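Participant: From first to last, the protein sequence lines stand for chains A and B. Residue numbering for the first sequence follows my numbering, starting at 1 and increasing by one per position. Residue numbering for the second sequence follows my numbering, starting at 1 and increasing by one per position.
It should be emphasised that the hints constitute simulated quantities derived from the structure, not laboratory data. Here the structure is a predicted model, which means the values were calculated and not measured. One or more of the hints may lead you astray.
To be verified - Here are the computed lysine to any residue pairs in the SDA-like style, where the Cα-Cα straight-line distance is at most 25 Å: (1) A/Lys18 / A/Ala331; (2) B/Lys102 / B/Ala120; (3) A/Lys522 / B/Phe32; (4) A/Lys522 / B/Arg39; (5) B/Lys33 / A/Lys18; (6) B/Lys33 / A/Asp542; (7) A/Lys522 / B/Ala120; (8) B/Lys65 / A/Arg485; (9) A/Lys216 / B/Phe32.
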Amino acid sequence: MDELLRDFLTESGENLDKVDAELVRFEQEPNNGQILGNIFRLVHTIKGTCGFLGLARLETLTHAAENLMGKFRDGMPVTAEAVSLTLATLDRIKAILERLEADAQEPAGDDTDLIEELNRLAEGGHPAPPSTPPDKPIPQRAAERGDDSTGAEAAEKAPAETGERPAAEAGEKTAAHSIRVSVDTLDHLMTTVSELVLTRNQLLEIVRRHEDSDFKVPLQRLSNVTAELQEGVMKTRMQPIGNAWQKLPRVVRDLCADLGKDIELEMRGAETELDRQVLELVRDPLTHLVRNCADHGIESPVDRLAAGKPRSGTIRLSACHEGGHIIIEIADDGRGLDIGRIRAKAVELGLASEADLAAKSDGEICNFIFSPGFSTAAQITNISGRGVGMDVVRNNIEQIGGTVDLKSVAGSGTTFTIKIPLTLAIVSALVVESGGERFAIPQLSVLEVVRAGVGDHRIERIKDTPVLRLRNKLLPLLHLKEVLRLGESDRDSGFVVVIQVGNQVFGAVVDGVLHTEEIVIKPMSSKLRNIAAFSGTTILGDGSVIMIIDPNGIAQALGRFAQTQTDGPDLNESEQTASEDMVSLLVFRAGSQRPKAVPLSLVTRLEEIDCRRIEISDGRHLVQYRDQLMPLLRIDTESGLKKEGAQPILVFSDHGRSMGLVVDEIVDIVEDKLDIEVASNRPGVLGFAVIKGVTTEIVDVGHFLPQAFEDWFRRRDSHAMRSPRTILLVDDSAFFRDLLAPLIKAAGYQVITAGSGVEALAAFKSDTRIDLVVTDIEMPEMDGFALAQAMQSTPGTSGVPIIALAAMVSDEAIERGRAVGFHDFVAKFDRTGLIAAIKEQSADINRAA
Amino acid sequence: MNDAAAKLTEYVTFTTAGQLFGLPIERVQDVFKPAHMTRVPLASPEISGVLNLRGRIVTAIDLGKRLDLPSRVDSTAAMAIGIESGSESFGLLVDAVGEVLKLSETDREPTPINLERKLARVAAGVFRLDGQLLVVLDVDRVLDLGAEPAAVAA
């Protein structure tokens, strides 16, 4: 093909994409002279080149379009009809260009239909001059306009910056500073540089082994130059993400017309750059997500107005850099996901049982939309139901080492967050060892590395499931060695690589963590692609080949514990509420066959103690445990200690003292709502709750603590009283929260908990009505007094009664408490007193109401 | 006889489990001694591992295991025949590499019908040499690991 023609095709293609983006903005702001000028100039450039190349058909068509644009520029009002017609014309131009590219000659055809329409509209205005002089400068007002830069505009800043200069001139100016290089050349450069990086790494490795090598200094230079070269080549491949967004305004506009909706597309951070290969790969997923937002997310104008929202919906697209990644957010202010429908669909498709779903938070349920064949739209529209599901979107993004996450708030919208590496060719990886082999784990998915078997980071097993306690969270573990069938792992030590995949966080136990290295990803052999655990291969600095772990692949090896919540900042409100309702419960048997349970967070450790080590002193069972004598208690007289072998016990510790509760067998750990439905009069039992469909006794740990140490705290039987009040329990100690919450619940109140004063204030902002606050006084950051003061000064919370829990009740503290608005003081360990105070305060509320 | 002599094919010969095999020389990229092989967990048993051969990643396939032949006693003695397929590199692990033989295509006889099924699938004919038989391999079929479900690890 003629060189000139090829250049023309490339340039016209780019220009047309820009015109598309411009036109939609034009329709929204018909009086923006600057946009008008840009569009006119772009159409004009195409027309001019067509004439030069002798493409008569194109020339006639673009001339008619330019004519109309000229009229608008001169002040003719812009109608929706005119915009639609211009878009149709551009589509025709594109079609002609495509044929031109394929056949190297202009296809035959007739465009009189469009041309007549264009002319009719152009004539429809005031009797205008026959044609606008093509090289006429842009009207003055264009220059006067401030740069109200939006995404689409930023994406093509270069032409905009040339101001009023006619396009041809601008083109020449740019040409002096930049040249067109084919993508193949750049790709080849990239591959070569990747190889160079590898060789450099190998050389460094060799020199490292020979201390006094003459090569050291020149190699250091080579290394620096290589790094610079790598950076430079990477830079040539960088493109603004706006290039992938250019078509979106048009897509949204067409959707609006089809769906009868009113949607505005906001774009931010379009200038954020990323590797063009990655850019190409995210283009389709992004388009699909935007379509999805427009089709499923945004409501019809009628529904929006009914819901008290502005008539027109907004889809917000934003991009920014974060470390070596780019974060893209697609947010709509629509109706949010229909959790109920997703649940029903998940069950229908057999993805999860009702019981499984009951244990999941809304956030986890939302993620089902990424499952294959999932579409909750009752009717498949031609917009989103094109056979491209969300599963394809997620696959595409995960294939390039990215993640996609979603948050949805009913009634106020859905946000998709995509995190992708800036480049694919070279990534940072953690090299680990397991079963004598080395593996690379992409850094993107590694949160942290924890040394297991030291201090509190001990690997524990519940039946055969290994778990790790990590900052008050129970982290499900898998042994890489077992997942990869490299042998049995009997040691519960080594390193735990904490990995995040979507919403899942889990730990992979490895034997050693060696180092991090920039690795060049090589595709996997076709004979190995069936192995989900690996995503590729790479050559390390020492020349050996190692496999790259696919975090998604090994996550499949996790069983039911896979869905652990993250405690990252992206946890949204609804998820937080959900996780407050959900409690991890340790289910065990002791004495009777009926399962018993305690909140897992109360349990410090699960131990098995050799029966021979149990001593009897003064009629009490004791065992030496961590240099202390720990009393062992039985749940009831039915349960006995084993005569021989290992005796399982639950260890409860607080303030350096421990007590062991003797059990027969540990059954399971479950996540469930703790609703004590029937309170119990039996000492040691708070009541009964249905956990995973089985009636389970909730054991009152508080009953056993004073038996172990009489001064732990005094306890008398609590008086149950039913009232539908909601109580906010604030205490920085998870131990006391978990201890008191079931107690208050058993007395018939709804309980929500907060771990700090700040969290407590946040809880007031959620939808839940709070009738009463029970707060600890001594807390870090914001203490009980400060919380009370903050509540007093906030409208809406100032009237809520507060009961303070104090370790010591002094007259002075009571005086100060009254001043800030405490309604009552209860000693921290006086649980009966607390229930009585709650009862009294809620009675006051009742009277007031 | 003269016509036939014109159609000579060069075969790279090698032995595995005592059996002599041959591959047309144009399909053989190189012959090398595999070193620093990385085994791949979860891979099917005939894949011995992956290794770095001058910057290329080579997937090593054990011919003996591929054909269910008795395994070598001394695994370090293995040699590898380098093969390109598509854009990928493979190494066929064999016990020993022999000489290159020029053989006439007219002497190539069809694979005996009673040959063991797995071997028969990858054989492209047999030459009767002095004292032993040379089985010609069809490289593409040897590399087609998925062809027999039994060969794929569960």
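Participant: Hint by hint, note whether the structure agrees.
Facilitator: Results of checking the hints against the structure:
1. Distance check on the hinted pair: A/Lys18 and A/Ala331 sit about 23 Å apart at the alpha-carbon level, within 25 Å; holds.
2. A C-alpha spacing of about 23 Å is found between B/Lys102 and B/Ala120, which places the hinted pair at or below 25 Å, so the restraint holds.
3. Taking the CA atoms of A/Lys522 and B/Phe32, the gap is about 22 Å. The hint holds against a cut of 25 Å.
4. Taking the CA atoms of A/Lys522 and B/Arg39, the gap is near 16 Å; set against the 25 Å cutoff, the hint holds.
5. Proposed proximity of B/Lys33 and A/Lys18 is contradicted: the alpha carbons are some 57 Å apart, above 25 Å.
6. Taking the CA atoms of B/Lys33 and A/Asp542, the gap is near 18 Å; set against the 25 Å cutoff, the hint holds.
7. For the proposed pair A/Lys522 and B/Ala120, the alpha carbon gap of about 34 Å is over 25 Å, so the pair is violated.
8. In summary, the hint linking B/Lys65 to A/Arg485 is supported, as the alpha carbons are separated by about 19 Å, within the 25 Å threshold.
9. For the suggested pair A/Lys216 and B/Phe32, the alpha carbons sit about 32 Å apart, so the restraint of at most 25 Å is broken.
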